[in-house]
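Starting from the known structure of chain A, fit chain B onto it as the hints suggest.
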Amino acid sequence: MLTAFKISAFITAALLLQVTILPAYLADPFKPNLLIIAVTYLGLKTGRGGGFVAFALGLLQDCFSGIYMGLNGFSFLSLYLILNLAADRLYTNSRYLMLFVVFLATIVYGVLHLLLLLVFPPATGIYLTILAALIPQALVNTLFSSLLFSFPRLNALEESR
Amino acid sequence: MWELFRKYRKYFIVISLLLAAFIFYSWNLKHKERANLFERGVLNLMSPVNSVIAGLNRGVAEIWNDYLALVEVRKENKLLRHNMKVLNSRLMESREALVANERLKKLLDMKNAMQTPSLAASVTGEDASPWFKTIMINRGEVDGLREGMPVVAADGIIGQLVKVVARSSRVLLITDHASGVASIIQRSRARGVIKGKGDGTCSLEFSLASEDVKVGDTVITSGIGGIFPKGLKIGEVSMVKKGEYGIFQTVEVRPTVNLARLEEVLVLLQQPAE
Chain A
1 MLTAFKISAF
11 ITAALLLQVT
21 ILPAYLADPF
31 KPNLLIIAVT
41 YLGLKTGRGG
51 GFVAFALGLL
61 QDCFSGIYMG
71 LNGFSFLSLY
81 LILNLAADRL
91 YTNSRYLMLF
101 VVFLATIVYG
111 VLHLLLLLVF
121 PPATGIYLTI
131 LAALIPQALV
141 NTLFSSLLFS
151 FPRLNALEES
161 R
Chain B
1001 MWELFRKYRK
1011 YFIVISLLLA
1021 AFIFYSWNLK
1031 HKERANLFER
1041 GVLNLMSPVN
1051 SVIAGLNRGV
1061 AEIWNDYLAL
1071 VEVRKENKLL
1081 RHNMKVLNSR
1091 LMESREALVA
1101 NERLKKLLDM
1111 KNAMQTPSLA
1121 ASVTGEDASP
1131 WFKTIMINRG
1141 EVDGLREGMP
1151 VVAADGIIGQ
1161 LVKVVARSSR
1171 VLLITDHASG
1181 VASIIQRSRA
1191 RGVIKGKGDG
1201 TCSLEFSLAS
1211 EDVKVGDTVI
1221 TSGIGGIFPK
1231 GLKIGEVSMV
1241 KKGEYGIFQT
1251 VEVRPTVNLA
1261 RLEEVLVLLQ
1271 QPAE
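Protein chains in written order, with this note's numbering: chain A, 1 to 161; chain B, 1001 to 1274.
No lab work stands behind these hints: they were computed from the structure. Since this is a predicted model, take the numbers as computed values, not measurements. All C-beta atoms, glycine included, are put in the ideal place defined by N, C-alpha and C.
Label pairs and their calculated CB-CB ranges:
1. 1144/B / 7/A: 30 to 40 Å
2. 63/A / 1087/B: 39 to 49 Å
3. 59/A / 1102/B: 35 to 45 Å
4. 124/A / 1239/B: 17 to 27 Å
5. 1087/B / 124/A: 53 to 63 Å
6. 7/A / 1250/B: 44 to 54 Å
Chain A on its own, in the form it takes in the complex (with noise of 0.2 Å):
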């Protein structure tokens, strides 16, 4: 139950960060995903329940983000399986690693935007957008989580599983 709402309380801080807060120091495309680093440690450290949280914070971050509804639960959700599948032949305790899935997450991530929304057209001319805030973002998102994952307390939390 402590877990539970401590994580809420993550996702909730991140997601003001994220919209209300650090646009006004950041500019595009250097804004960060946090919710994207969240996702990535799921996938890595959870079972497959943790599949509906990704999927509930797509559809969060959804409600945030652009006007098509559904498209950042389908990005999340399949980040999740694929980072869950690939989790047991991944070393998940070295840090490095973790910053390394964080870089190619993101990456993945804007990819299935991408894909996402050129199967579906209904804005032209979006992908050279996303391709050009693609790398700035992963870059982003990497210095941030290299930030979450040196708090002690998540450390140890790991050692703890």
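For chain B alone, kept in the frame of chain A given last:
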């Protein structure tokens, strides 16, 4: 004689002393600029003592001024620092109020100039993704807002309402890929559709190559489509490219409103045509 002296000895002595003092005084009047032997002796004897006492006095005075008086100075310093902070914050507040006042005055001028009733709203958030361009405002259904209503700022249009909930709404900015606004070039009346490019600029689509469009031209809303009223400023043409082939020209438009720094907006309370 001796008896007389003994009888009045006291008076003799007093008179003699007075006389001697008078003579001493009158004799010294001639040499008043110079120190006499007595003065020299006294001054020479006292000057080292004088110096020591003066030094001690200075020391005590310094201690008093530099240490004991510093207690008051410290208090005064604290008070002055506090006052400085208060005044600085007031200065910041007044500057902020001045800037906000200018912004709101512009918005009010715009509101008064519009025929359509409007409602002011504050921007509360931006899109969580870098490739979509939407903002959140603090007004919603309870304030009479509906999807499709146009949103403007003092310098021109911003976008239209999407996803309106009870007390907040999302605004699809004109720079988003999904946005399209029917428009005309103010000077030549050339028609087109302003589409967002996702990078803070727009493009004028479906503008025939034969149409007269130049860099610096002002682009305004045409009123076609029933969402935006006619004649609202959208932006300025920043680039025109006419290919040898093809029937359309490439026109890039820079919005007049700085969409990255929006704080207050005006929602036009007109129901969009179905």
